[in-house]
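Number of protein chains: 2
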Amino acid sequence: MLRAIRGDVLHCIADPAWGADPAAVETLADALVLIRDGRIERIAPAAALLPQLGGGVAVDDWRGCLIVPGFVDAHIHLPQVDVIAAWGAQLLEWLQRHTYPQEQRFCDVAHARESAAFFVDELLRNGTTTAAVFCSVHPHSVDALFEQAERRAMRLIAGKCLMDRHCPPALADTADDGYRDSKALIERWHRRGRLGYAITPRFAGTSSESQLQACGRLAREHPDVWIQSHVAETRDEVAWIAQLYPQRRSYLDVYDHYGLVRERSLYGHCIWLDDDDRRRLAEAGAAAVFCPSSNLFIGSGLFDLRAARNAGHRVALGTDVGAGNSYSMLRTLGDAYKVTQLLGAALPPADLLYVATLGGARALGLHDAIGSLQPGRDADIAVLDPAATPLLARRTALRDDPLDRFFALTALGDDRAVRCTYIAGEPWNR
Amino acid sequence: MLRAIRGDVLHCIADPAWGADPAAVETLADALVLIRDGRIERIAPAAALLPQLGGGVAVDDWRGCLIVPGFVDAHIHLPQVDVIAAWGAQLLEWLQRHTYPQEQRFCDVAHARESAAFFVDELLRNGTTTAAVFCSVHPHSVDALFEQAERRAMRLIAGKCLMDRHCPPALADTADDGYRDSKALIERWHRRGRLGYAITPRFAGTSSESQLQACGRLAREHPDVWIQSHVAETRDEVAWIAQLYPQRRSYLDVYDHYGLVRERSLYGHCIWLDDDDRRRLAEAGAAAVFCPSSNLFIGSGLFDLRAARNAGHRVALGTDVGAGNSYSMLRTLGDAYKVTQLLGAALPPADLLYVATLGGARALGLHDAIGSLQPGRDADIAVLDPAATPLLARRTALRDDPLDRFFALTALGDDRAVRCTYIAGEPWNR
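Protein sequence lines, in the order shown, are assigned to chains P and Z. Every position in the first sequence, counted from 1, becomes a number in the numbering used here once 989 is added. Every position in the second sequence, counted from 1, becomes a number in the numbering used here once 989 is added.
Hints may contain errors.
What the hints assert, rightly or not - So the derived list for chain P, only partly shown, Cβ under 7 Å to chain Z, looks like this:
(1) Ala1006
(2) Trp1076
(3) Gly1077
(4) Leu1081
(5) Leu1285
(6) Phe1286
(7) Leu1331
(8) Ala1335
(9) Arg1384
(10) Ala1386
(11) Arg1388
(12) Ala1413
Unchecked claim - Taking CB as the label site, the calculated pair distances span:
(13) P/Ala1009 <-> Z/Asp1165: 48 to 54 Å
(14) Z/Ser1199 <-> P/Arg1224: 48 to 54 Å
(15) P/Gly1053 <-> Z/Glu1210: 51 to 57 Å
(16) P/Ala1009 <-> Z/Asp1264: 41 to 47 Å
(17) P/Asp1225 <-> Z/Gln1093: 49 to 55 Å
(18) P/Ala1376 <-> Z/Arg1181: 32 to 38 Å
Read the hints as simulated data drawn from the structure, not as lab findings. In this text the structure is predicted, and so the values were computed from the model without any measurement. Think of the CB as a built atom: it goes at the ideal place given N, C-alpha and C, for glycine as much as any other residue.
Just need the whole structure built from these sequences, with the hints factored in.
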């Protein structure tokens, strides 16, 4: 099965290192992306490649649009579909007031299925082709999500939330049940097509030491699954965790103690870390997930991306819906830029592109499969229209520079700018 | 000329005082707003009023939409139409690198006219019916803007930028020329229809003491014109102004010394004020203009809205395009909310509505004419669709509460949510 996509190619093939490595970005104006059996086979100038194509090859004409790798949203919550844009409260109160009530609705399988279908379509409408997703405590919520992802041939990582204390009884599992349910889900879903499982303790505040031990055991028994959790999101939370685990050096050290800080482990927020924590993430090959819209919307604080880059640990970007107020990775990048500006160091356009694509893929350990448009990669692609609104059209006409256009899309764009999303070479039909 | 608009009315009739006064907000589901000769005559339940209307009255059916007062954008720059979404730099470098080069293009009358038409249409597309606008140093830029506003019968306040030092020679006026040109513009435009003039010294860094003196003289000679400028936007700027005016207690005191702090004076940013400054603003009846998107986009800092409200001075909201990255007051409110969350006090939905409508009108001293939908006010109206996107539709279906819907629009909405903008009772056709 052969398909070709025509437009202006823009992708990262390496870490731009805060603008220091211009060769990290590849651009090709009016290019043809040739796709065979769901993978990228070749990229070449359209003028050169078109004459060589046989008549039977469909050419999708997106001239004037940017062809970029599909976005990687490395932190998002399925059961918070209906929490988004809830008013007031910071993290610990937010969980009690807004989140737990909605998560309880997921005991209903039909609600979980309906929500999962909406959720996956919102991701795709926004050009997100891979996500790492927290499901609810109910194993069927994972089934519901993976069924929807599989139906769309989408690459997705997800896991059942583990929490056995400090939460409503209806949402609590136990260390044993959580272990057993997670294990069954791993066996059912992990590496089935493009799906992957993540061991998902919500955070150290809602898991007992026994549960974290059980998570560590799961992690040892399944060295290639992902791990995802939250760390150091707000100061109040950090203080509470210090009370719960007085014997641990830091909040991150709680997870580390149970063997949960390693490659393919994804820690949401990482705002209130110190340099020892950052070094530990780097050494372990673990990743921080920067969730700027969420961190602003519920007032958690400012993630220091430059400190993270200096420490050399992996960083991905997450929308963190529902505390985040947008499924759009473009809008999330707009907020990421604002956070770096508030901290006195504007994130360069190449690094904005990187953190939402190849940087995310690296954090997930999936950079050989996704995150760039290099030959052999999955053809997970977003087509971005730099003229999606009158304002974008005027702004992006000023300079004929794909990276500048991408930057303008992060400042001014949203789901409208995503003209098409390809999943393994097939256009998703909204 | 009679017209009726049908929908869910939502407006402030007083200051909600950080949620303390629920009676400050009026709502009426399925209401009819009756408009005669460009003014609001009456609001009543549609079921009661419809039978009383004669057959000749046009009824615009916006059932399911919110009918709110048109937004008041109290700080925006016409010559920065093409600065928006420029990458990098904080204020002082931003002016040199991005702003001044674009402002120089305004020496060309044709460019000024074309930009003004686009600019005014963007405001209206976003439901903004009144704005206070900085034009370029060229008097013809004011003519260009007012001509476009007049053509659309829009209420607009604007002024020629005054700056006679620390700027490119092509953009510098002199104290005398600036005085004379401003005076001629006041005579030509002030109180012509719904237009108003603002004496517009860019900021204390680019005006000599002679120029500020000339501004003070203009202000005395024309006690009913507006005054607009910038104050205390960044720490570097504050330090620089302290060097330039060592004899003044504070940055705000520079303007005060020249008689420029009074009613109908609008000071953009006001981030780095102290409580004495805030008291002085309150005492003088002057207003701070909170520009959250700009303050985040160029990393200026966080405006402390609660301190402002505690001091009792007026506060309006501004997009500050082009350092602000959106013409949408909904998106600007979304950023305002995030700033208040970062400072630990979530702004209530009623106060979000207030600062963008009646609060802005009060800052401008125009609350008898605009900012609410009370009888006698100009029929400047925005029609907001709470189901403008699939996500908004899902979110706003959860609760049948107009204020909650408005809040969701500030978190999730943008220009798409503005279904129609009425100017003095007439729908603007995009």
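So which hints don't hold here, by number, going up?
Hint check: 1, 4, 10, 11, 12 fail, others pass.
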